[in-house]
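Colleague: Chains as they are written, first to last, in this note's numbering: chain A, 1 to 243; chain B, 1 to 243; chain C, 1 to 243; chain D, 1 to 243.
Since the hints were derived computationally from the structure, they do not count as laboratory data. Treat the numbers as computed from the prediction; the structure is a model and nothing was measured. Glycine residues also receive a C-beta, built at the ideal position from the N, C-alpha and C atoms. Fair warning: there could be bad hints in the mix.
Restraint ranges, calculated between C-beta atoms of paired labels, are given here [stated by the list, open to error]:
1. 14/D <-> 200/A: 51 to 61 Å
2. 32/B <-> 238/C: 17 to 27 Å
3. 13/C <-> 181/D: 26 to 36 Å
4. 20/A <-> 193/D: 48 to 58 Å
Non-contacting residues of chain A with respect to chain B, defined by C-beta distances greater than 10 Å in every case (computed) [as the list claims (entries may be wrong)]:
5. 13
6. 18
7. 80
8. 88
9. 115
10. 119
11. 120
12. 121
13. 124
14. 167
15. 172
16. 177
17. 178
18. 181
19. 200
So these bits of chain C aren't anywhere near chain B, every CB distance computed over 10 Å [as the list claims (entries may be wrong)]:
20. 21
21. 34
22. 37
23. 54
24. 84
25. 97
26. 110
27. 131
28. 133
29. 134
30. 179
31. 182
32. 187
33. 223
34. 233
Protein chains: 4
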Amino acid sequence: MSVTTNLSFSDVSVDRAYPVPPFAAACVDAARDSWGASFDHPFVQALAQGTLQAERFRFYQMQDARYLEAFSDAAALISTRCPDPDDKLWFIDAARMALVVEGELHAGYGEQLGYDADDIAALTLTPNNRAYQDHMISVAQRGSLVEAVAALTPCPWLYIELGQRMEAEMGAIPDDHPYADWLAMYRDPEFNDYMANLLSRLQRFADAADGAARSRAKEAFQTSIRYEWMFWDQAWTQQTWPV
Amino acid sequence: MSVTTNLSFSDVSVDRAYPVPPFAAACVDAARDSWGASFDHPFVQALAQGTLQAERFRFYQMQDARYLEAFSDAAALISTRCPDPDDKLWFIDAARMALVVEGELHAGYGEQLGYDADDIAALTLTPNNRAYQDHMISVAQRGSLVEAVAALTPCPWLYIELGQRMEAEMGAIPDDHPYADWLAMYRDPEFNDYMANLLSRLQRFADAADGAARSRAKEAFQTSIRYEWMFWDQAWTQQTWPV
Amino acid sequence: MSVTTNLSFSDVSVDRAYPVPPFAAACVDAARDSWGASFDHPFVQALAQGTLQAERFRFYQMQDARYLEAFSDAAALISTRCPDPDDKLWFIDAARMALVVEGELHAGYGEQLGYDADDIAALTLTPNNRAYQDHMISVAQRGSLVEAVAALTPCPWLYIELGQRMEAEMGAIPDDHPYADWLAMYRDPEFNDYMANLLSRLQRFADAADGAARSRAKEAFQTSIRYEWMFWDQAWTQQTWPV
Amino acid sequence: MSVTTNLSFSDVSVDRAYPVPPFAAACVDAARDSWGASFDHPFVQALAQGTLQAERFRFYQMQDARYLEAFSDAAALISTRCPDPDDKLWFIDAARMALVVEGELHAGYGEQLGYDADDIAALTLTPNNRAYQDHMISVAQRGSLVEAVAALTPCPWLYIELGQRMEAEMGAIPDDHPYADWLAMYRDPEFNDYMANLLSRLQRFADAADGAARSRAKEAFQTSIRYEWMFWDQAWTQQTWPV
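Working from the sequences, and respecting the hints, build out all of it.
Modeller: What follows is the structure, encoded as structure tokens:
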């Protein structure tokens with residue numbers, strides 16, 4: 001690998017290829033510090049540089065497989081709350097994509113890294129992973145639509161932003177990069193359409209909410225941004241329970 | 001149309017092309033009378049004979065479009081209850097199919113029969129339609145997995161059974177049958193795989209439940225069977241609210 | 001009994017002893033016809049006149065016992081959606097009152113009319129009762145706060161209004177009135193505080209919602225008003241399932 | 001204060017004044033190490049010895065007030081899942097007690113320690129507190145009854161056990177103990193009845209479940225036991241978010 005210096009993803013100004021409506025922009029603004037921290041996490045740096053130990057990547061992938069099941073559940077709950085059938089279908093599709101597309105990725109890595117579906121099912125969730133999952137579920141069940149969608153948004157958004165920032169900073173992925181497939185996935189421009197759809201729905205649900213609900217939604221968004229950093233961190237430290 | 005006599009769908013013994021595990025068989029047995037009644041309903045008879053008035057078919061299609069949104073919601077809620085990711089995906093796919101495949105059908109009929117998405121959204125649900133929808137949602141939210149799936153099962157099962165009984169009794173659909181597309185859809189042998197999957201899950205969730213929950217599940221199944229008949233009936237009578 | 005002519009509860013203008021905020025007033029206005037019909041139902045007339053057959057009153061009480069369990073569930077779900085702890089407690093108390101206060105009433109009538117808790121549990125719900133219950137649950141689970149509370153409001157409101165209209169029209173309850181206890185309960189002025197609390201919360205949640213959610217809430221309110229009439233009717237006709 | 005040495009709550013064998021059915025015993029056994037750790041936590045030691053800094057106690061009380069709202073929500077969700085009305089009422093009462101009895105305690109401490117309801121509402125939840133809350137909600141929404149109740153059980157059980165162990169080890173609470181009220185509350189023998197009721201329901205729901213659900217319930221129980229330790233710890237360290 002020729003990449004040896006630190007990559008500055010948090011300094012990269014990305015021209016986003018999808019519109020960012022005002023409420024989404026306000027969410028990012030409120031969570032600014034936590035948002036930037038994700039890009040600087042050593043796991044992310046090592047992933048980009050190709051120096052990440054296979055064991056840590058494996059740990060990450062296995063925990064992530066379980067995370068995606070909860071993402072699907074949160075999206076499914078949101079779907080049941082949407083009065084409009086187009087919204088309903090969009091969130092069902094989001095649930096499905098979490099299970100299918102990512103599931104395929106994990107199956108591929110499973111064979112390569114040595115784990116199967118039974119290993120995933122038997123996994124002990126790390127504290128940070130469990131907390132993030134339950135946050136999405138709890139807000140989807142108890143909160144209003146704008147809060148539920150706000151809690152769901154950081155996961156796809158940070159990954160897509162990370163993929164695009166890596167592309168801007170690193171350029172083409174070297175053929176011999178050990179995580180080339182993973183990096184390539186999040187550069188896929190088809191995600192721009194996904195983000196445009198997600199953020200416009202977030203805006204619409206924010207427009208239908210009062211100020212108090214929008215405040216809670218911004219808090220739910222920030223909490224998920226924090227959990228995103230904590231998700232990288234649980235994989236980097238191979239986190240265990242304190243007792 | 002050459003079909004003039006009553007068709008005897010309730011007398012037709014169908015060799016089902018999918019396995020019926022014991023719990024599903026027990027559900028049908030407990031709901032035997034209500035089950036058979038659906039096949040004899042005048043709406044069904046007229047639909048098969050091609051004599052159904054377009055206005056009644058239109059009424060049915062519009063109410064059904066809204067019903068399918070609730071079916072999707074119930075399947076989505078069930079998905080969130082399934083610990084196994086394969087089950088989770090199966091019910092998300094069931095939710096999706098309710099919205100997509102049927103949605104396509106309704107779009108086609110919408111153009112033909114003169115209604116669009118706004119008309120569907122503005123529709124007053126009939127008492128029977130609303131009751132059936134809310135039954136599925138209530139059981140999916142409050143009941144155990146076996147109860148939730150039992151409440152969902154009659155809808156696809158009765159339609160597929162009806163499609164196959166019609167095929168056995170009527171043979172090929174005449175080219176000039178006004179509801180040829182509709183009849184053809186429910187003969188599609190791809191539904192056999194759907195039913196096999198649904199009924200095996202119902203069995204598995206029944207195996208994981210105690211006797212009391214299985215009894216409640218049989219009651220939920222029977223209630224949905226009754227609502228199936230009442231759904232034909234609300235379309236036949238163009239049901240309104242009593243006050 | 002000296003009461004022989006029809007009582008005109010629907011004509012009685014009640015000076016309500018609790019404030020009716022604008023959104024509650026708009027709900028009543030939208031459901032005006034269905035609202036009035038409840039007061040004229042023959043069950044209500046016979047109940048007031050003391051001519052209601054014991055068997056119909058027993059049928060009503062047994063179905064109502066099961067209804068109150070669903071009312072509790074809907075209030076409990078609403079409680080989990082309230083960010084404010086005072087609201088949370090108020091709806092938990094509403095759930096509790098449905099189970100306790102009314103439960104005591106039913107226990108008393110149970111001894112008098114010859115049924116016990118096992119009979120209640122084994123009861124087949126009538127179509128109208130089941131539909132009403134599932135409506136409250138479905139809206140509480142899928143709708144926004146204002147919709148969920150709107151679906152819950154008609155039950156206490158109509159009963160309290162009925163109690164107060166009966167008092168205005170009939171005056172003191174004769175000592176030998178066979179349903180004196182029942183009539184007395186809904187005249188209890190402590191319900192005024194309950195109504196003031198419920199309607200002010202409905203207003204607050206309406207203020208936090210957009211026009212579309214308020215429209216859905218009015219529809220949920222009207223649907224419950226209709227189900228109130230249909231609840232009297234299921235007891236009057238001793239309703240059974242059509243198949 | 002005369003208490004200067006470490007108290008050994010984790011060595012104290014308590015004769016429990018309520019029956020512990022086999023499934024509850026199996027849950028404790030599976031979570032043995034995490035269970036004991038709570039009693040040894042420095043926060044607990046300092047609380048018993050009366051040396052706990054007021055600032056830490058205040059931090060704890062404020063976070064706990066918010067925790068109890070989620071406990072109420074989890075109990076309310078469980079209530080909606082119980083087919084039996086006695087169970088339904090018991091969990092509504094548990095929800096109510098979390099809000100009322102503890103609310104009173106917090107109001108008292110609020111005046112003494114200088115915070116009010118607005119401060120509680122404006123509080124940033126610590127990571128450990130949020131995670132524990134969301135765990136209870138997520139399991140109550142997605143899991144089966146036995147799992148939901150298993151996740152709820154550690155909170156009252158550990159506190160009651162702690163109260164009784166402190167009594168066995170320390171004897172009478174000195175009049176000048178700064179946390180005398182708090183210690184006294186958890187010694188209240190009325191909690192024995194609460195525990196007997198809770199654990200017998202846990203057993204009954206375990207009996208109705210299959211082995212897989214019981215395993216998940218034991219995991220949910222252990223997770224809550226871990227969160228109990230982490231709750232002491234968040235107050236001890238005045239935990240903040242890492243980003």
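Colleague: Is the nearest Cβ of chain B still more than 10 Å from the Cβ of residue 172/A?
Modeller: Given a closest Cβ separation of 34 Å, the condition holds.
Colleague: Evaluate the condition: distance from the CB of residue 223/C to the nearest CB of chain B exceeds 10 Å.
Modeller: violated (7 Å)
Colleague: If we take the beta carbon of residue 233/C, is the closest beta carbon in chain B still more than 10 Å away?
Modeller: Per Cβ check, residue 233/C is inside 10 Å of chain B; nearest 7 Å; violated.
Colleague: Any Cβ of chain B at or closer than 10 Å to residue 133/C, or is the non-interface label fine?
Modeller: violated (7 Å)
Colleague: Determine whether the non-interface label on residue 21/C survives the test: each CB of chain B must be over 10 Å from its CB.
Modeller: Consistent with the label, residue 21/C stays out of reach of chain B, its closest Cβ about 25 Å off (over 10 Å).
Colleague: Classify the label on residue 177/A as holds or violated, using whether its beta-carbon is more than 10 Å from each beta-carbon of chain B.
Modeller: For residue 177/A, whose nearest Cβ neighbour in chain B is about 29 Å away, the distance exceeds 10 Å, so it holds.
Colleague: Verify this label for me: residue 182/C is non-interface relative to chain B, using a Cβ-Cβ cutoff of 10 Å.
Modeller: holds (23 Å)
Colleague: Is residue 110/C truly not at the interface, in the sense that its beta carbon sits beyond 10 Å from all beta carbons of chain B?
Modeller: holds (22 Å)
Colleague: Checking the smallest CB distance to chain B, is residue 54/C really beyond 10 Å?
Modeller: Per Cβ check, residue 54/C is outside 10 Å of chain B; nearest 25 Å; holds.
Colleague: Would residue 37/C pass as off the interface with chain B, using Cβ distances and a cut of 10 Å?
Modeller: Its Cβ does come within 10 Å of chain B, the nearest being 4 Å, so this is violated.
Colleague: Would you assess whether residue 13/A, listed as outside the interface, keeps its beta-carbon beyond 10 Å of every beta-carbon in chain B?
Modeller: Residue 13/A is indeed farther than 10 Å from all Cβ atoms of chain B, at 37 Å.
Colleague: Classify the label on residue 119/A as holds or violated, using whether its beta-carbon is more than 10 Å from each beta-carbon of chain B.
Modeller: holds (13 Å)
Violated hints, listed in ascending order, are 3, 7, 8, 11, 12, 21, 22, 27, 28, 29, 33 and 34; each of the other numbered hints is respected by the structure.
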